[in-house]
Amino acid sequence: MPKITPFQSIRPKPELANRIAALPYDVYNRREASIEVKREPLSFLKIDRAETQFPDETDTYDSKVYAKAKELLDGMIADGAFITEDSPCYYIYELTMDGRSQTGIVACSSIDDYQNGLIKKHENTREEKELDRIRHVDTTDAHTGPIFLVYRAKQEINEIVNAAKGELPLYDFTSPDGITHRVWKISDTQVIAALESLFTALPCTYIADGHHRCASAVKVGVKRRGEHPDYTGDEEFNRFLSVLFPDDQLYIMPYNRVVKDLNGLSKETFLTKIEEAGFTVEYTGDRQVSPCKKGTFGMYLPDGWYLLTAPFSMLSPDPVKGLDVSILQDNLLQPILNVQDPRIDKRIDFVGGIRGLDELERRVKSDMAVAFSMYATSISELLEVADAGLLMPPKSTWFEPKLRSGLFIHKLS
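Note that the working numbering has the sequence shown beginning at 334, numbered continuously upward.
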């Protein structure tokens, strides 16, 4: 029974919300983050990526970078850019992209639920990425970027959400990437109690996006428990910021792959080995290949695009082995290109589907030898993997639209 609770949020003044709200910190590389912060000086990205406030040669993970994040956050609160709610609330957060909307509930989730498996994950995390967010959360004493959670849709929750959306929103703006964001507040104690009760009736929730942020938030909570051995469980560090969406509203884009070299093979030998592995290979030239069904892959080489089709023998009913990302990894990337562990191999990189197929062509023309366009993992596949207690290969899902950081801040103390 997941424990989903309201919280006393720190949030932007309504007239500044559109300027403060920022894409997640890990969507940008350092150069892109610096450009965005220069474009919008109020962007919360300057707090999530405080290295943007220093010369390029400054180490991203220097202690002074995290201290700067705290300084900037405290300064914006002190200057009145943010307001603090008088009492714990839930929020309804609607994002609309290309005419399609998804609506989640902003709340706090329990670190105990994560540790006990009531918050199910589908990806492993990397320690170095965890350490960055651990230091950021611990130094700023705040959760600044919400964890994207999923629950199996429940009509009674939908009814409460839809009723709240009948009121005037706190925020209603369209961000530069064309996503419309609307937020409503639920402060009525009876409605809050009803939502809490409905969530406890669910068997579990699932991490959709933000595995590293979630693991980091939990580890900071555990660290704080060690520092406060008399903790009761009601302290804010026992909870982390999340937005929970029903599974039937979500949209997953592909997470494409690019590889730096052909493992010493010529193009001709490489293509021959792909066919010998069992794939059907069709050259499409300048016609980009965006796979339209499972078991198919686009491949881009300097001479153009190819459509690869996996034989029936490569398909599997296993929740993980049957994923397209696994089929490609197990039958091409690993045996032919020698990408043994995509979590640590520096020869492979991952390109979110939002960047499009042109980005794959650009990468092959600049720093990579081959690119693969993928068929997107489905939300039902994600839930099936998590329910089985299994893990997907890294970078299996790319969710759009992305939640914004800075709209809701949860202080740990």
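A couple of the hints might just be wrong.
[As the list claims (entries may be wrong)] Derived BS3-like pairs (lysine-lysine); straight-line CA-CA distance at most 30 Å:
1. K346 <-> K744
2. K556 <-> K336
3. K679 <-> K454
4. K654 <-> K401
5. K403 <-> K552
6. K728 <-> K654
7. K679 <-> K606
8. K397 <-> K556
9. K487 <-> K336
10. K744 <-> K518
11. K401 <-> K371
12. K679 <-> K627
13. K600 <-> K627
14. K679 <-> K600
15. K593 <-> K698
16. K518 <-> K627
17. K600 <-> K626
18. K336 <-> K346
19. K454 <-> K698
20. K498 <-> K744
21. K593 <-> K627
22. K626 <-> K556
23. K556 <-> K728
24. K552 <-> K593
25. K401 <-> K336
26. K454 <-> K654
27. K679 <-> K654
[Said to hold, decoys possible] Listed next, with one range per pair, are the computed distances between beta-carbon atoms:
28. D700 <-> S434: 36 to 42 Å
29. K371 <-> P635: 32 to 38 Å
30. P347 <-> S713: 44 to 50 Å
31. E560 <-> K346: 29 to 35 Å
32. M430 <-> Q667: 32 to 38 Å
33. E560 <-> T429: 26 to 32 Å
34. E461 <-> K654: 42 to 48 Å
35. R364 <-> Q488: 42 to 48 Å
36. T513 <-> Q341: 24 to 30 Å
37. Q488 <-> T605: 41 to 47 Å
38. S396 <-> L501: 41 to 47 Å
Hints in this document: simulated from the structure, not taken from any laboratory. Glycine is no exception: its CB is placed at the ideal position from the N, C-alpha and C atoms.
Can the suggested window of 26 to 32 Å be confirmed for the beta-carbon pair E560 and T429?
violated (42 Å)
Holds or violated: K454 with K654, Cα cutoff 30 Å?
Holds, because 17 Å separates the two Cα atoms, which is no more than 30 Å.
For the pair supplied as a hint, K401 and K371, confirm whether the alpha-carbon distance does not exceed 30 Å.
Cα-Cα ~17 Å, so holds.
Hint consistency between K600 and K626 [alpha-carbon to alpha-carbon, up to 30 Å]:
Answer holds: K600 to K626 is near 26 Å, not above 30 Å.
Given hint K556 paired with K397 - CA-CA distance at most 30 Å
holds (21 Å)
Has the given pair, K336 with K346, been kept, meaning a C-alpha gap of at most 30 Å?
Holds. K336 to K346 sits at ~29 Å (cutoff 30 Å).
Look at the Cβ atoms of D700 and S434 and judge whether their distance stays inside 36 to 42 Å.
For S434 against D700, whose Cβ atoms are near 37 Å apart, the range 36 to 42 Å holds.
Could you grab the alpha-carbon distance between K654 and K401 and see if it respects the 30 Å cut-off?
violated (44 Å)
Cβ-Cβ distance between P347 and S713: within 44 to 50 Å?
violated (38 Å)
Given the hint that K498 pairs with K744, does the C-alpha gap stay at or below 30 Å?
It holds: about 26 Å lies between the C-alpha atoms, which stays within 30 Å.
Given the hint that K679 pairs with K454, test it: the Cα-Cα distance must not exceed 30 Å.
holds (25 Å)
Hey, K401 versus K336, does the alpha-carbon distance stay inside 30 Å?
With Cα atoms ~33 Å apart, K401 and K336 exceed 30 Å; violated.
The structure does not agree with the numbered hints 4, 16, 19, 22, 24, 25, 30, 33, 34, 37 stated previously, though it agrees with the rest.
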